[in-house]
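Peer 1: Sequence:
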Amino acid sequence: MFTGLIQDIGKVTNVKPVGRGRQVEIFSPKLGSRLNVGDSVAVDGACLTVVKQQEQSFLVDVVEETLQKTTLANLQPTMLCNLELPLAAGDHFGGHFVQGHVDGVGKIIKFYPQTYEYWLTVQVPADLLRFVVNKGSISIDGISLTVALVENNEVSISVIPYTYTHTTLQFKKVGDMVNIEVDVLAKYVERLLATRGLTKPEITEDWLRDLGY
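Residue 127 in the numbering used here is what sits at position 127 of the sequence shown, and the numbering runs on without skipping anything.
Hints are computed from structural coordinates only; laboratory data are not their basis.
Every value quoted in this text rests on a predicted model; they were computed, and no experiment measured them.
For every residue, glycine included, the Cβ atom is placed at its ideal position computed from N, Cα and C.
Distance windows between CB atoms, simulated:
{"#": "1", "residue 1": "Pro29", "residue 2": "His92", "range": "21 to 27 Å"}
{"#": "2", "residue 1": "Asn134", "residue 2": "Gln53", "range": "37 to 43 Å"}
{"#": "3", "residue 1": "Gln114", "residue 2": "Ile9", "range": "21 to 27 Å"}
{"#": "4", "residue 1": "Lys110", "residue 2": "Leu193", "range": "30 to 36 Å"}
{"#": "5", "residue 1": "Lys52", "residue 2": "Pro125", "range": "29 to 35 Å"}
With these hints in hand, go ahead and build the complete structure from the sequences.
Peer 2: In structure tokens:
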């Protein structure tokens, strides 16, 4: 389990094919020494397992399914990625519950600075929109963000300067693809209602409030 609070920006130093997947080496002096073989680490929001650890870097295997469902297929040497270690017992909990299971890939369609923040708009796959509500949480490339506006198939977020400068968002531009993970709590609500024979075309903030959430 992760929280969506990025701990370091790693640099891809090597990518090689392994069967139908790939093995990726990531340089991260801050986190490399803290990882052991078998540990989990979130790379741009996707939970991966460390297969080799070095003093300032580590290697992870990316299986075929992950390559197909995330942006990790685009990773090449010199590219940067968001990194986060799993939440440990006793750790301060910030952000929101992030599983590291990417639900889909979105496309940045607007990204520009405002007076005190940056306005980010991402086109989200239609089948994920029912899990996104205003003021709710969403993970974009592993970053825990709060939804400011949901309109049609677009999700807009007000990004504070700290988040912008401490993640790979500072390097993103319109047209870039990003990993999307919706709030797992919204999935649980939908599943609970389905088991009770209830259906709802869209989970909204008002609807959840009416149910007591």
